[in-house]
Every structure is written in C-alpha cells, then in structure tokens.
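When we follow the working numbering, the leftmost residue of the sequence shown carries the number -4, and every step to the right adds one.
To be clear, the hints were calculated from the coordinates, so they are not data collected in a lab. All of these numbers come straight from a predicted model, not from anything done at the bench. Any given hint could be a false lead.
As the list claims (entries may be wrong) - Each computed EDC-like pair below joins lysine to aspartate or glutamate, with the alpha-carbon atoms no more than 20 angstroms apart:
1. 328 with 137
2. 119 with 32
3. 248 with 314
4. 18 with 7
5. 26 with 79
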Amino acid sequence: MPVDLGLWRIADDGEFTRVSSNKLDKETRLKRFLLQDPNVLGRPLKIIAEEVNTVGQKRLDILAIDSDGDLHVIELKRDMSPREVTAQVMDYASWVRNLSYEEIKAIYEDSDQNDDSFEAGFDKKFRPDYDGTPKGPGEVNEEHTLTVVASELDSSTERIIGYLHDEFEVPINAVRFNYYSDDGREYIARTWLKDPFEVEDESEDETEEGDSWNGHDYYANYGESQWRRWSDAREYGFVAAGQGTWYSRTMGKASEGDRLFVYSPGEGYIGVGIVNQEKTAAPDFEVEDGTPITEADLDGDLSKNEDDPELREYLIGVDWVRTRDIENAIWEKGMYANQNTVTELSDKQTLDKLYEEFGVSAPDT
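Just need the whole structure built from these sequences, with the hints factored in.
See the structure below:
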C-alpha cells in the first residue's frame, strides 16, 4: 500500500487548509506529462518512442532507456481492470526482453518525436561532455523495468503488482500521481507502490554464482560534468555525485576504511583509494586548510544547488592509492559496470584485473 500523501496550504495568517486531491480528468494528460519530463519517474530517462507497435498490433504507451542502456516499459492504467493492465505490461515485457541494439535503434529513429540518431540522442541526454561525436550506450537491454502509471490505484492492482514483485522478483512497480487544484493552480504529486530504489537495488545487487563480496571493495561511479571534474577529485581526494537523490542515495554504503575502485562511465576504471570521510554534503566538505570544497580553486563548480538537500553535490573523501587519466582508463569486455554511484564490487574477473593493473592486493578475508 503506498503511503498516503496529504497537501496543505498555509495562508498569510498561518492558517492551515487542506487541499483536496482529485482524479486527473484525463490520464492522457499524465502521458503528456511523462513525455515532457520522464525524469519524474525517479531517475533520468530518455524516451525512445511512444505508442510502440509490439506483437498482435498492441501498442506500448512509452518505451524509455536509462544511462546504463536498460529499458523501461511505462504503461498507463487508464480504465483497464487490474488483470488486464498487469497482463498487458507483462506481455510487453516478454517482447521487450528480446529487443536487440539495432531494433531499439530503429524504433527510436522511426519515431516522429526524434530527429537525430539513437546514439546522438542518448549522448545528449546522458553525457554532459558530449562533443557532437555520438557513441551511444556500450550495451543495451541487459535489464528492463516495468512501471504502471495511474491517477488512482485500486487495491487489486496493488495486490497483483506486489505479489509479482515480492514472490517472483519481477521488476515491476506502480506509481500514482495525485492531482491537486487550488486557487487556479494545478499540482501533481507522485506516490510509489514500492520503493523504486529498493526495486533497483534488488536487481542490481545480484552477483554471478560463486562471486561473494569480500566486505571491503566497492565500486564508485564518477561521472564528469561541467561542475564535477576528475582533476579536482584527484587533487583534493574525493568522489562526488549529486543533482538528484537517485545519484547520491547509494553513497552512504561506503564507510571509512573501505576501498573504492572508481569507474568513469563509458571509459573504464581510473582510480583506487581508501575512504577517509563518509558521505558529506559539498558545503560541509573541507579541504586541508579548512576551506569548504565549494569555495576551493576548482576546475569545476561543486556549489551547484548547494542549498537544496536533494539536488546538491555529495562527496566521499578518499586517500588515493593510484589514479589514471580518463584517457588511460582500465577496461576490457566483461568487466563490471553499474549506473549506481556506489555498489559492492564482487565480480572476480573485474577485481583480478584491477588488482593487477593498480598494483594492489586482495584484502585478507
């Protein structure tokens, strides 16, 4: 059962007045809302196409892709019964799971919404340093996620989706958008059936059989941008993430004394070091002379959104053991990569390669 959401208006005299929640007059408005900003589903997404033809002349409402190349099936409940909507989204999933890179590319480029190549559209969305030379995702469709969107969720739909998720580990969730109207203004608030971060973690923390975590080594994803530069991280000893809860939420996993292997998205591994300061908001992270990192002499600018706890940058302090230029990153096919900022690193192939390349040893277990 999703958490109940209430909204109150505070008048100038301090009086509280509850704003009533209503069903959105047309769920097609929800679709337009999602097409305009799919990031409201909790993580950065790029729309591949809408009204995608699947098998049997059925049309999937929205197909999207995330920065890791994984697909997202987004389906509006409309007036369908619980059985109909869950059966339909599972049917779409059975079709989506087999889509190849070339098929996904064709769906994107055949859509009237898009006037660029699949690779260029992907890079514009997910690569802040995109220089006009498209690369696209390294891999696509390793995983997929199913999301049912509604202005109301009945108990039967909640029960069926909860059962599929809890008992069979189907990557399915539902999100309800509450609609509010007050003094001529409209508002929409989002409520998830299942914690979307928990759904992500359950699928992404799975490891290959026989690969057990050593309790010490972590993977850290360091994505460069105009405000977050690897040169600053090397000089001042940190990894950073932010501009959304999805990016910063996993940073609390790493504790003082843990070892981080740092990955540059799309390039490879660029550093290894020991955590000396746990997750800290950028304005509270100090360099050696006590200056906040947001006021230090940086190539980037870690002060972006510093007053917003959800959007500001967060840092983990690191004593570097070895670092590399991004152009000389360590990478070979089959190595571990993940879009989360911090995860446990247990893949044996990856660890063996990193131990050798960085000249470090496996921890005593």
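Verification of the hints:
The straight-line distance between the Cα atoms of residue 328 and residue 137 is roughly 14 angstroms, inside the 20 angstroms bound, and the hint therefore holds. For the hint pairing residue 119 with residue 32, the CA-to-CA distance comes to about 15 angstroms; that is within 20 angstroms, so the pair holds. For the hint linking residue 248 to residue 314, the alpha-carbon distance of about 17 angstroms falls within 20 angstroms, and the restraint holds. Taking the CA atoms of residue 18 and residue 7, the gap is about 28 angstroms. The hint is violated against a cut of 20 angstroms.
Among the hinted pairs, residue 26 with residue 79 is consistent with the structure: their alpha-carbon atoms are about 19 angstroms apart, no more than 20 angstroms.
Hint 4 from the earlier list is the only one contradicted by this structure; the remaining hints agree with it.
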